[in-house]
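If you read the sequences in order, they're chains A and B. The opening residue of the first sequence carries number 862 in this note's numbering; numbering runs sequentially from there. The opening residue of the second sequence carries number 2 in this note's numbering; numbering runs sequentially from there.
Do not take every clue at face value.
What the hints assert, rightly or not - Okay, the calculated beta carbon distance ranges per label pair:
(1) B/Ala4 x A/Pro1009: 53 to 63 Å
(2) B/Asn106 x A/Gly933: 44 to 54 Å
(3) B/Ala4 x A/Leu1043: 24 to 34 Å
(4) A/Leu1043 x B/Leu166: 19 to 29 Å
(5) A/Thr1000 x B/Arg7: 47 to 57 Å
(6) B/Leu57 x A/Ala1005: 22 to 32 Å
(7) A/Leu924 x B/Arg169: 45 to 55 Å
(8) A/Gly1036 x B/Ala60: 34 to 44 Å
(9) B/Trp50 x A/Phe996: 14 to 24 Å
(10) B/Ser93 x A/Asp1016: 39 to 49 Å
(11) A/Ile864 x B/Leu89: 24 to 34 Å
(12) B/Ile158 x A/Gly1048: 23 to 33 Å
(13) A/Pro1009 x B/Leu166: 31 to 41 Å
(14) B/Leu89 x A/Phe1004: 36 to 46 Å
Derived from the structure by calculation, the hints contain no laboratory data. Using N, Cα and C, we set each Cβ at its ideal position, and we do this for glycine too.
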Amino acid sequence: MSIPFYDGGVASGLLAGVLFGYVLEAAGFGSARKLTGQFSLKDFAVFKVMFTAVLVAAVGLYLLRVGGVIAGNAVFVPTLFFWAIAAGGMLIGAGFALGGYCPGTSIVGLASGRIDALVFVAGMVGGTAVFAYGFEPMTGFYFAAKGPDAQRLPDLLGLPEWQILAGLIVIAILGFRLGSRLERARGGPFTAEDVCVPGDAAGAKNNPTPSTQAGYVS
Amino acid sequence: MTAGPRPFWPPLAAGLALGLALLLTFVITGHGLGASGFVTRLAAQISAWLAPEATLANAYFGPFVKAGAVLASWITWEVIGVLIGAYLGARSAGRSSVQIEKGPNVSRGQRLAYAFAGGALVGFGARLARGCTSGLGLSGGATLAVAGFVFLAGFFIAGFLVSMLARRVWQ
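The following block holds chain A by itself, in its conformation from the complex (with noise of 0.2 Å):
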């Protein structure tokens, strides 16, 4: 039995899934001023959270691939179309900082009972429909500038993978300690009793709620 298993199975995806959902719904993802809180630099969840996440799956993958366990080209890699990922990033970053979600956050939303998530769901079927149907003028853009298959980090840069994780971790541990000096100037992050109020007692970070009206979540 090798590992990876390459299981694409009903179980696997529902395990993957609710393990994924049950986080960042803990973390506060599933509400948009909490995530959009990041860009107004009061609310560092979002970096602090998948910084994180990615260096603790990035240095799992490292040691599993050093101690034999995994091979070296075991798991998917994404390929770099330069201008099209550039292009598209910027348009996701643009559309959370408007709508208050990404895909996955906006699933999380939508099961924490937000109404705007669902019209962001929505939103994004309109948005891929108008890119599929306009799809062939902008073949040339979306294949542009091609990186070499799978192309990592260690491979552009030249560097041992083991120092690229140091330069990450140390980047990661100052992003931290900035963001939450920010956070505190500007008097966040929000907290659950913050945003997990129903209807118009949103704002309630400009206007702090009362305990007693926070009490009647559902």
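Given the structure of chain A, go ahead and fit chain B onto it with the hints provided.
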């Protein structure tokens, strides 16, 4: 029920748990977590219901329809899992609340219009980028893919720029 919602997990703990869930997903499936792939399949399926011939002829949606059972895919089960996991978490922690979440200075109608417009940009952008914050940013980043870090740079740059223009939606 008189107690308020239970606090969110500290970011470091949530990041650690998310990283371990992602690592487990790599070990089981050979790839990471995602979300926008499901939205693509949902859009292709809706398009096929509304306009079967145009969808079959479409250069992007056509291959999904030709392969049959558009929604029967690992990513669909994963997204159903996300719904279940997030629902169970929110309910058990008292954080489930039916609301239109918005800043105090916009109306509900405006908020929903911004949600739709933002969703449309994200839907389009995810197809252009061939993935989203989960598939490229989180999972691609974890494999140290150059594509993942180019994506994350674009995501944060545009997020900060547009956030300055869209401040009134949230504040």
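(request) Note whether the CB distance of B/Leu57 and A/Ala1005 lies within 22 to 32 Å or breaks it. (result) holds (28 Å)
(message) Quick check on a hinted range of 14 to 24 Å for B/Trp50 and A/Phe996, using CB atoms only.
(response) At roughly 20 Å between Cβ atoms, A/Phe996 and B/Trp50 fall inside 14 to 24 Å, so the hint holds.
(message) If I claimed the Cβ atoms of B/Ser93 and A/Asp1016 lie 39 to 49 Å apart, would that claim hold in this structure?
(response) holds (44 Å)
(message) Between the beta carbons of B/Asn106 and A/Gly933, is the distance compatible with 44 to 54 Å?
(response) Holds: the Cβ-Cβ distance is about 53 Å, inside 44 to 54 Å.
(request) Hint says 23 to 33 Å; check whether the CB-CB distance for B/Ile158 and A/Gly1048 agrees. (result) Given about 25 Å between the Cβ atoms, the range holds.
(message) Can you tell me whether the CB distance of A/Thr1000 to B/Arg7 sits inside 47 to 57 Å?
(response) holds (49 Å)
(request) Determine whether the Cβ-Cβ distance between B/Ala4 and A/Leu1043 falls within the hinted range of 24 to 34 Å. (result) Cβ of B/Ala4 to Cβ of A/Leu1043: about 31 Å, so the range 24 to 34 Å holds.
(request) Starting from the range 53 to 63 Å, see whether the pair B/Ala4 and A/Pro1009 falls in it by beta-carbon distance. (result) holds (55 Å)
(request) Starting from the hint 31 to 41 Å, judge whether the C-beta atoms of A/Pro1009 and B/Leu166 obey it. (result) Because 37 Å falls inside the window, the suggested range holds.
(message) Given a hint of 45 to 55 Å, does the C-beta separation of A/Leu924 and B/Arg169 actually sit inside it?
(response) holds (47 Å)
(message) Does the beta carbon distance between A/Leu1043 and B/Leu166 stay inside 19 to 29 Å, or does it fall outside?
(response) holds (20 Å)
(message) Quick check on a hinted range of 36 to 46 Å for B/Leu89 and A/Phe1004, using CB atoms only.
(response) Since B/Leu89 and A/Phe1004 have Cβ atoms about 42 Å apart, the given range 36 to 46 Å holds.
In terms of the numbered hints stated before, the structure departs from none.
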